[in-house]
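Trainee: Using the sequences and the hints given, assemble the complete structure.
Just so you know, the sequences run in chain order A and B.
Residues in the first sequence are numbered consecutively from 1, following this note's numbering.
Residues in the second sequence are numbered consecutively from 1, following this note's numbering.
Incorrect hints may have been included.
Claimed, not checked - To be clear about the criterion: a stretch of chain A counts as covered by chain B if any three or more of its residues have a C-beta under 8 Å from a C-beta of chain B, and this derived list gives those stretches:
1) 5-16
2) 20-26
3) 83-97
Everything labelled a hint here was simulated from the structure, so no lab data went into it.
Backbone N, C-alpha and C define an ideal beta-carbon position, used for all residues, glycine too.
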Amino acid sequence: MNKIPSALQLGIRRGGLEIRQFARQRESVVFTLLFPVILLAIFGSVFQNTIAPGVTFSQYFVAGMIASGLINTGFQALAITIPMERDVGALKRLRGTPMPASSYFIGKAILIFVSMVIQILLLLGFGVAFFGLEMPTESSKWLTFAWLVLLGSACSTALGIAFSVVPKSGRGASAVVSPIVIILQFFSGVFFVFTQLPPWMQQVAAIFPLKWLTQGMRSVFLPESFASQEVAQSWELQTTFVVLMIWLAIGIFFSVRKFKWDRD
Amino acid sequence: MSLIEVKGLKKSYGDVHAVRGVDLEIAQGEIFSLLGPNGAGKTTTVEILEGFRHRDAGSVSVLGFDPQTRGRESRIWRDRIGIVLQSSLDAGDLTVIETINHFSGYYSNPRNVDEVIHSVGLKEKEGALIRNLSGGQRRRLDVALGIIGSPELLFLDEPTTGFDPEARRAFWALIQQLRSDGTSILLTTHYLDEAEALADRVAVINKGVIMEVSTPADLGGRATSQATVQWRDGAETKSEKTDNPTTVVSALSTRFNGEIPELVVTRPSLEDIYLEMIGGVDE
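Mentor: Below, the structure written as C-alpha cells:
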C-alpha cells in the first residue's frame, strides 16, 4: 500500500485546482484583476495634482492600490467565498476526505498569491503606460516590495480564512465583510493622503495591517525624501514587519482553531 | 470482527435529545440500512460515525478507530472510508474527470479514475462541467468521489433522492456491484423499497433509539405476520386476515365456483411495518 500524500503536496495540488476554478469564473477574474486598474484610471484622471515635489497623486495612489489589493484579493475574497463554499456543502465534502485542513489553507494561499502577482503586474504596467508611474530603481526597494507582497498576501489569506467563520451564510457575507474593508481603506490612506486624515483615524488604522502595507508600499514607490512627511517621519519598515507577523500569527491561530467546515 | 460498533451513544443539542442511547453492530461486507423519520436521530448518528460530530456519551468504533480522534491518525482512517453526503451543490466550474482525478490524489490507494467513471455511468459526461450535469448525474458523481479512494466502508446518505425509477434501478445495481467487490455500506434512506432491495440488515431508529434490527424480510415479524385476503362479494369489498391464506382462498374458490372476483392476497410491506413501528411510539 502507498503512503498518504503529504499535506504540502496536497496543498500545491489544491492551489492548482483553485487557480483553475478561479480562472473559469470570468466575472470574478475581471473584477479581481482589473478593478484596481479601473480605480487607478478613475482616480488618476480626477486627481492630477502633485502631493509633494515630484510625487504625483497617481504615484501615491498606486502604493495604496497594491496594498489594498492585498486585502481585497485575500481577506475580502476569502471571507466571502469560503462561507459560500460552506453553504453548498463543498467544505463538508472535503472534510470527509483524508485531505488535511492545512492543504486547503495552502491551496488558498497559492491562489491569492498568484492572483496578487497578476494584479500587480497589470496595475504597474497600466500605471507606467498611461499615468506616468515611475518604478523604483534600487534593488533594496524591490526587496522590500517582494517581502511586503509575500507577507501581506500570507497575512491577508490567513485573516480571510479566520474571518470566514463570522458570516452566517454566503449570501450575507458580502454585507459583513465589504464595509470593514472599505472603512479600512479610507482610514489607512488608500484614497486620501494618510497624514491629512484626523489623528483618531490614523490611530485606529495603525492597529490594522492595511495602514502598514500602504505605508510600506509608499516606501517602495515614493522618493526617499517623502519619508519625512510620514507620521513618524520614517517608513517604519521594521514596525511594519512586526505588525504583519503578529496579524499573520493571529490569522493562522484562528484559522486552525476555529475553521468551520459545516453550516451548523 | 465488526466494522462498526456503537454502544450507548448519546447526543443532545441543548434540550433536544437527538440520540438517546443507540447500540449498533455492523459486520464486514454487509449493506446495513438505517431507517427512520426526519428528526429521529438518523443523521446525527451517521454524522458521529463519519467523524463530523462529537458525541456526548457512549463508545464508537469505526474500522477499529474512534471517529472523534483528530490529527494524522484521523487522516489514515479517512483514507479507508468514503462518504457520500446528502446534498452537494459545488460551484461546478470543473469537469467530471478533473474533479475525480483531483480527489483521487487525496488517497493512498485510489481506484482507477477511468474505471470509476465507467462504473457510475458518467463516461459520456466526463468532459462536462459539473454545473451542466443533471441532478441524477451529479449524484453519480458524488458516489464516484465517495468510492475513488477504494474505501473499505462507504457511507451513503439518501443516495437516490430525486432519481427517476430507471436511474434508481441503475444505481442499485452499482451499489450491489460495490458490495460484491467487498465494500461494506451504511445506507440511510427514506425509500423503504430501496432498503428492501439493497440492505442485508435494517435498523429502525425513532426518537433517538433503535427500535429493531433485523433483515428486511423479518422486520417487525413481517415474515410470520398474517396475510390479508381481499375479494369482491356483490357490491361489497370484503377482506379477511389469516395465517392460512391458501385455505381461505380455496374455500372462497369453492363458494364462488371457480374464479374469485377481484382476488388480492397481500402481506404487509416493509413500509407498512415501518410506519406501524414509528407510529407506535408517540409520547
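Trainee: Of the numbered hints stated previously, which ones are contradicted by the structure, given in increasing order?
Mentor: No hint contradicted; all consistent.
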